[in-house]
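J.: Sequence:
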Amino acid sequence: MKISVSDELRNACPDFVGCALFAPIRNTETNADLWAEIGDMTRWLRDNFTIDTVKQRSGIQATRQGYKRCGKEPNRYRPSNEQLCRRLLQDKDLYAVSTVVDLINLASIRFAYSIGGFDADKIVGESLTLGIGEEGEPYEGIGRGQLNIAGMPVYRDEVGGVGTPTSDNERTKLSLSTTRLLCLINGYDGNAADTRACAEYIGELLVRYAFTKPEEVLITEY
Numbered sequence: 018m019k020i021s022v023s024d025e026l027r028n029a030c031p032d033f034v035g036c037a038l039f040a041p042i043r044n045t046e047t048n049a050d051l052w053a054e055i056g057d058m059t060r061w062l063r064d065n066f067t068i069d070t071v072k073q074r075s076g077i078q079a080t081r082q083g084y085k086r087c088g089k090e091p092n093r094y095r096p097s098n099e100q101l102c103r104r105l106l107q108d109k110d111l112y113a114v115s116t117v118v119d120l121i122n123l124a125s126i127r128f129a130y131s132i133g134g135f136d137a138d139k140i141v142g143e144s145l146t147l148g149i150g151e152e153g154e155p156y157e158g159i160g161r162g163q164l165n166i167a168g169m170p171v172y173r174d175e176v177g178g179v180g181t182p183t184s185d186n187e188r189t190k191l192s193l194s195t196t197r198l199l200c201l202i203n204g205y206d207g208n209a210a211d212t213r214a215c216a217e218y219i220g221e222l223l224v225r226y227a228f229t230k231p232e233e234v235l236i237t238e239y
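Residue numbers 18 to 239, in this note's numbering, belong to the letters of the sequence shown in order.
Simulated from the structure, these hints should not be mistaken for lab results. Check the hints yourself; a few may be wrong.
Below, simulated DSS-like cross-link-like pairs (lysine-lysine); rule was C-alpha separation at most 30 Å, straight line [what the hints assert, rightly or not]:
no. : residue 1 : residue 2
1   : K85       : K72
2   : K19       : K85
3   : K19       : K230
4   : K72       : K109
5   : K139      : K19
6   : K85       : K109
7   : K139      : K72
Kindly produce the complete structure, drawing on both the sequences and the hints.
T.: And the structure:
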């Protein structure tokens with residue numbers, strides 16, 4: 018699958034770098050060892066950041082700036098990387114969704130990047146393009162209903178939007194029946210090394226928790 022960045026997004030966010038991960042998976046409801054890792058990461062986050070300082074993490078700060086440059090207010094439509102960190106810093110627990118969703122959330126907390134996780138078999142066509150949402154563009158966020166994505170970075174397949182930094186789309190979301198994963202790591206801070214490291218970390222987690230073999234993980238940059 019080809020992943021590309023539109024000229025309008027590139028003009029608004031010239032530093033953007035993306036990293037895509039493709040892998041076969043076997044998803045499960047939960048994994049105790051994974052949640053032990055999430056607990057360790059939660060303690061690390063709470064020891065090192067507050068609600069006020071977490072916005073200064075490079076991945077979060079740059080994503081917020083990207084929203085503003087595209088025309089969206091990040092305080093009203095918080096990117097998922099900031100949502101996750103804020104939730105933990107408010108002494109709330111993360112929701113347990115499924116093993117693969119949970120490990121993607123763990124990677125997002127560790128690296129402070131917004132990460133899209135998709136069922137690759139539900140994407141229509143052979144390519145995705147990252148652009149900017151338009152007024153009135155239909156988009157059903159996971160658990161959020163219709164989401165106003167005007168002025169928001171959005172990945173589109175042949176049918177329409179599948180992912181934004183705030184919420185992925187119901188149409189292409191991961192489920193327990195998903196067998197092919199596509200992950201998109203969004204580096205609005207321009208740090209190609211860290212976005213690659215984040216993808217590699219997700220690959221390691223998939224090997225440990227989602228029955229993926231190391232040689233089956235494919236990582237590409239865009």
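J.: Decide, hint by hint, whether the structure agrees.
T.: Status of the hints after comparison with the structure:
1. K85 <-> K72: The hint holds at about 14 Å.
2. K19 <-> K85: With Cα atoms ~27 Å apart, K19 and K85 stay inside 30 Å; holds.
3. K19 <-> K230: Holds - the C-alpha atoms of K230 and K19 are around 23 Å apart, at most 30 Å.
4. K72 <-> K109: Status holds; Cα separation ~18 Å.
5. K139 <-> K19: Measuring from Cα to Cα gives roughly 15 Å; hence the hint holds.
6. K85 <-> K109: 28 Å, holds
7. K139 <-> K72: Status violated; Cα separation ~33 Å.
The structure fails to meet hint 7 from the earlier list, while all remaining hints are met.
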